[in-house]
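Participant: On the provided structure of chain A, position chains B, C and D as indicated by the hints.
Chains as they are written, first to last, in numbering that gives the first Met the number 0: chain A, 0 to 342; chain B, 0 to 342; chain C, 0 to 342; chain D, 0 to 342.
Treat the hints as calculated values from the structure; they're not laboratory data. Just so you know, not all the hints are guaranteed correct.
[Unchecked claim] With a straight-line cut-off of 25 angstroms between C-alpha atoms, the simulated DSS-like cross-links for lysine-lysine are:
| # | chain 1 | residue 1 | chain 2 | residue 2 |
| --- | --- | --- | --- | --- |
| 1 | C | Lys323 | D | Lys326 |
| 2 | B | Lys29 | D | Lys26 |
| 3 | A | Lys97 | A | Lys337 |
| 4 | C | Lys326 | D | Lys326 |
| 5 | C | Lys116 | C | Lys97 |
| 6 | B | Lys26 | B | Lys284 |
| 7 | C | Lys15 | C | Lys97 |
| 8 | C | Lys29 | A | Lys26 |
| 9 | C | Lys56 | C | Lys90 |
| 10 | B | Lys47 | D | Lys47 |
| 11 | C | Lys323 | D | Lys323 |
| 12 | C | Lys97 | C | Lys284 |
| 13 | B | Lys47 | D | Lys29 |
| 14 | B | Lys105 | B | Lys323 |
| 15 | B | Lys26 | D | Lys15 |
| 16 | B | Lys26 | D | Lys29 |
| 17 | C | Lys29 | A | Lys15 |
| 18 | A | Lys26 | C | Lys15 |
| 19 | C | Lys29 | A | Lys47 |
| 20 | D | Lys284 | B | Lys284 |
| 21 | A | Lys323 | B | Lys326 |
| 22 | C | Lys337 | C | Lys105 |
| 23 | D | Lys47 | B | Lys29 |
| 24 | A | Lys249 | B | Lys234 |
| 25 | C | Lys249 | D | Lys234 |
| 26 | B | Lys47 | B | Lys15 |
| 27 | A | Lys26 | C | Lys284 |
4 protein chains.
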Amino acid sequence: MSVVRIGILGAGRIGKVHAENITRFVKGVKIVGIADPLIDRETTEWAKGLGIEIVTKDSMRLIDDPEVDAIMVCSSTDTHADFIMAAANAKKHVFCEKPIDLSVLKGKEAIETARRKGVKLQLGFNRRFDHNFRRIRELVEDGSIGDVQLIKITSRDPAPPSAAYAAVSGGIFLDMTIHDFDMARYQAGSEVVSVDAHGAVLIDPEIGEAGDVDTAIVTLVFENGALGVIDNSRKAVYGYDQRVEVFGSKGCAVAANDQPNRVTLFDGESVSQDKPLYFFLERYKDAFVDEIAAFVEAIRTDGDVPVDGTDGLEAMVIALAAGKSLKEGRRVTISEMKKELGL
Amino acid sequence: MSVVRIGILGAGRIGKVHAENITRFVKGVKIVGIADPLIDRETTEWAKGLGIEIVTKDSMRLIDDPEVDAIMVCSSTDTHADFIMAAANAKKHVFCEKPIDLSVLKGKEAIETARRKGVKLQLGFNRRFDHNFRRIRELVEDGSIGDVQLIKITSRDPAPPSAAYAAVSGGIFLDMTIHDFDMARYQAGSEVVSVDAHGAVLIDPEIGEAGDVDTAIVTLVFENGALGVIDNSRKAVYGYDQRVEVFGSKGCAVAANDQPNRVTLFDGESVSQDKPLYFFLERYKDAFVDEIAAFVEAIRTDGDVPVDGTDGLEAMVIALAAGKSLKEGRRVTISEMKKELGL
Amino acid sequence: MSVVRIGILGAGRIGKVHAENITRFVKGVKIVGIADPLIDRETTEWAKGLGIEIVTKDSMRLIDDPEVDAIMVCSSTDTHADFIMAAANAKKHVFCEKPIDLSVLKGKEAIETARRKGVKLQLGFNRRFDHNFRRIRELVEDGSIGDVQLIKITSRDPAPPSAAYAAVSGGIFLDMTIHDFDMARYQAGSEVVSVDAHGAVLIDPEIGEAGDVDTAIVTLVFENGALGVIDNSRKAVYGYDQRVEVFGSKGCAVAANDQPNRVTLFDGESVSQDKPLYFFLERYKDAFVDEIAAFVEAIRTDGDVPVDGTDGLEAMVIALAAGKSLKEGRRVTISEMKKELGL
Amino acid sequence: MSVVRIGILGAGRIGKVHAENITRFVKGVKIVGIADPLIDRETTEWAKGLGIEIVTKDSMRLIDDPEVDAIMVCSSTDTHADFIMAAANAKKHVFCEKPIDLSVLKGKEAIETARRKGVKLQLGFNRRFDHNFRRIRELVEDGSIGDVQLIKITSRDPAPPSAAYAAVSGGIFLDMTIHDFDMARYQAGSEVVSVDAHGAVLIDPEIGEAGDVDTAIVTLVFENGALGVIDNSRKAVYGYDQRVEVFGSKGCAVAANDQPNRVTLFDGESVSQDKPLYFFLERYKDAFVDEIAAFVEAIRTDGDVPVDGTDGLEAMVIALAAGKSLKEGRRVTISEMKKELGL
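The shape of chain A in the complex, shown without the other chains (with noise of 0.2 angstroms):
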């Protein structure tokens, strides 16, 4: 296969991201299409800017396609584990933003038909490609951290969503914790065992008033032995704060926050430099584009993604075991969770 054809399924912010990043960055790709119900005139020009034929509010119409290799599924959460069936059955490969599904027994299934069809799942957990993150994995990998100890992730993001959205996001953890709890999961090169969630409503009481927090810290254990503890806050007033260390016998790896330059003021006041980068679509730029040409990667050479769908899956468990260890005020272990949810 030398070029991959990719169809895209919902044309909604990170659907356009990915659009752009696969036509200017990746190799090796052609997008064949882009779907969505709710397609406008605008996106329409938009897409044609981009070199993309096919523009639909039927996503079956790319699903059906025999000149499309791969979907790429950017709709809304309770479409993913429809979408990623619907694909395998039709034999294509999936890339599937995360969460796997609203429902875990969904994604469970869908996982499942997909490694039944024989066709490659891969989750977007896009911060495992990021520059600093990976550094720190391979040095847990090439030994030189020695057998890890504690990980410590501290993720903040720059301002918080509206409290419509927090609504229906199924709160912090399923909306904002997943990321880090997939980025524990990776450094650790272990599965969690228990979960252990404390949160507050420190930055907007609206937050509060839907039943969700705003600031939080869970602390995991994993199975081989090692702890983690995750940071959380809604808003950090001085841009995205994305750190992740890793502590173990021989050392400790300590990722700090990218910053537009490296250029360093002193004046009368202080010693300065500017701000972090402001959020995920700077301080994952490079990220959103190397998920892509992994996945493609993948497809072209039959070899295996990076992230798969039970990444996905466990990921999920994992926030919604901290979301019942912060109404519950307890510990709760990963497998009373997917005893719970039937898994």
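Facilitator: Relative to the frame of chain A, chains B, C and D by itself:
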């Protein structure tokens, strides 16, 4: 009072460190004598070299000496409260190493005695005087960080204590994390409401056999709604790892480790710097001096001591609650702990 | 003009870099064709892969093409001025790689031709578009640094060129330092009055045998009274060392090197990070894109180009003056040099 | 010799700094007395407070005292050589502040006298004892940097001296840059062959009227072929800027400025830290102690002093050559300068 005359109880490591610091760096103080039941010839000569006139096995010799204004309690922990009370009854001000006693009830009694007798009682939480952590506190106090929302403390020793020491130390929370509990209270400017401790034995199995852990993550909830998290390890191969981060509505202050110099070497392999300062004697060198200077200043000006007996007691209760949380695998409230302790 | 149509002269390394960058990253541009007398099959296929329709050995084929709006001169230095003039006479805008020509007089003639014909002429001083150096310039322009007093430029290559290349390159000042001379003028916002160059052969004796130096320090005096200093080396084993510092009455701005990630590893040996980005293709990746985007924008809006022909000529005169200074062991004024050159 | 007994000549700022440092930090030393023709009541009380018994207007009183082992010359520059010779003749070791004298010939005579009399003579180039610069020198000596090729020294004061002081100081090169000339020789491990100085008056016109400059760049050529450059300013608004960089065949070592703490504040405006330490008393606090400790150690072990009279003389000759270079607008060789000086 032009010169504050001090008697030191205990000529062990910390007693000697204080004696040398006072002699060299603290103005307006005179060490009248030092007492230790195990005093030997070498220590006697060391004391003479510092110009300390009285070297005795009898602590009461100093406590009762009318030429002594203040007593520094650097003896073994089980004697702390008794010496505080004896000194207070003799109308001497007291500086006491942490923890305030092995028994919280005796600690409480000592605090009350000091208050009743109108003498000052300062606890040896030296890290409050660290240039980095004090600077963070200033930024909290001057409003630069806004409302405090998250406090993160990294506290890792370069090498574990002997299993023998670990056995009598009261466990990691009373021996090591107690400093971090005080730091958390200091930075938060608020009391701890609940504690949730996770621990693991990842470094030395003998520590586990002695019933203790060598790796821990402790989550705190504060009265003002803020959350805190402390991570501990008994063995950071790169040296003493002492960092504090305070995050709030207006910003975030992060203290990095001190290093012996500011030189960076760029070579064919990497960009490198020297490791952090090795351990507490190096890292808190100036802090050990400054805490005594502050004690002396409080005496001379009849002002408040910066860390009082209650600070010592509160940190100890948190440490005990952490131990209980670890043992029982659940969150423990401070009020529950105090009730259990009869406070 | 909705799309700027470009013809590229020269399919060597830099011509290819520009072609790929334009295709992937610059909006509103189309590469109509590429010309190179030595064009081979491999290059032809590469060009087709980028969608470039015309691949020719005849530069005039592109210069005379009515479908071409602008010419990029990426050919050998001795052809620069001739191509600028040919393009200008054909009413095409020109982007020309540095230096403007081997001959300053021809360079001057080319500038005048472009001016007379009313076409834009931009020189390829890509470093002005570097995120770090541009940020420093912003700090100068917004007054953060006050009056500029000292400019320091560190510019070291990771590996020396072959002696053969060095022999035809015109020497270190024309080949390498010319970028730094432009940077100095850019940051100072003032013209150079005199040059004083010291040089040494410390890396490769063959460079010395070829009559060149591989290590240099050049001091500049600016019209506004500021002083500047550039240090060069042909071999920094740790990679491309590109730093700029501007010091003034209100402060000092310092640009550090870019590194591939922001990870720090603390281990038993040291505190280390990855080496700086290796060489100019990595370090100035975005700058190469941004300079073309600025050129295209200037054409589209009929605005000024950010680096014009005079900038190219001035940098070249400074380089020649530096060579003369090195040879004669004395300070050389720019006015003296210009007189000698017949400018 | 168990205790080295010292007499201090000069009770000005630096004499007092040394006296206080010795009293508090240097073991095995006793200050017998201090002499100053302008001694007043306040100074006398200060000396008594330090336990200094002899306070006199008569320098010879200390030089001739059989109870004195070593003399520290902290008096005005024009008296340096005379006091060195008087002390040497009285068989006293000498520590002398820089420069060695106003007259190089007298300086040379003093060195010869000390040598003939077999007493040690150390010059007060305290920066060699700075933790950062000493670390760089270690990296040079242990081969980490390979062959030294470039040395860069940034040396900027936080505030200019009064014009009155500037007038009698001998000019910026003798007063300020002399420390940098010594640092250059120390790091290079090689003698200076030629000097080329550029200067400007950019800060205070009165300094210009007094015939001096306040901003300078000085280029050095070393015997081993390496090049060096020093930049000076009398006014860095952000504090004392003292950095050294040594570049060689195997790498590059860079010393950043010391700051009062390692705290970084991220807020809505920027990422900031506190300014560098203000001036030499803060930055070189420990270096002032360590140079005396090294002097005392050399006496006690009859070893070599780390900075000797010749170091003082060489730095002075370079400073004079720099002055000549600035005045005549050309490079000046050290051999030419020495010939002119009659050395």
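Participant: Are the hints correct? Go through all of them and say.
Facilitator: Status of the hints after comparison with the structure:
1. Lys323/C with Lys326/D: Given pair lysine 323/C, lysine 326/D holds - Cα atoms ~22 angstroms apart, limit 25 angstroms.
2. Lys29/B with Lys26/D: 19 angstroms, holds
3. Lys97/A with Lys337/A: OK: lysine 97/A and lysine 337/A at ~19 angstroms, within 25 angstroms.
4. Lys326/C with Lys326/D: 22 angstroms, holds
5. Lys116/C with Lys97/C: Holds: lysine 116/C and lysine 97/C sit about 21 angstroms apart, inside 25 angstroms.
6. Lys26/B with Lys284/B: 16 angstroms, holds
7. Lys15/C with Lys97/C: 16 angstroms, holds
8. Lys29/C with Lys26/A: 19 angstroms, holds
9. Lys56/C with Lys90/C: 21 angstroms, holds
10. Lys47/B with Lys47/D: Answer holds: lysine 47/B to lysine 47/D is near 22 angstroms, not above 25 angstroms.
11. Lys323/C with Lys323/D: With Cα atoms ~23 angstroms apart, lysine 323/C and lysine 323/D stay inside 25 angstroms; holds.
12. Lys97/C with Lys284/C: 17 angstroms, holds
13. Lys47/B with Lys29/D: Roughly 16 angstroms separates the two Cα atoms, so the pair holds.
14. Lys105/B with Lys323/B: Cα-Cα ~20 angstroms, so holds.
15. Lys26/B with Lys15/D: 16 angstroms, holds
16. Lys26/B with Lys29/D: 19 angstroms, holds
17. Lys29/C with Lys15/A: Cα-Cα ~23 angstroms, so holds.
18. Lys26/A with Lys15/C: Holds, at about 16 angstroms.
19. Lys29/C with Lys47/A: 16 angstroms, holds
20. Lys284/D with Lys284/B: Holds, at roughly 15 angstroms.
21. Lys323/A with Lys326/B: 22 angstroms, holds
22. Lys337/C with Lys105/C: The hint holds at about 14 angstroms.
23. Lys47/D with Lys29/B: 16 angstroms, holds
24. Lys249/A with Lys234/B: 9 angstroms, holds
25. Lys249/C with Lys234/D: 9 angstroms, holds
26. Lys47/B with Lys15/B: With Cα atoms ~12 angstroms apart, lysine 47/B and lysine 15/B stay inside 25 angstroms; holds.
27. Lys26/A with Lys284/C: 18 angstroms, holds
Of the numbered hints listed earlier, not one is contradicted by the structure.
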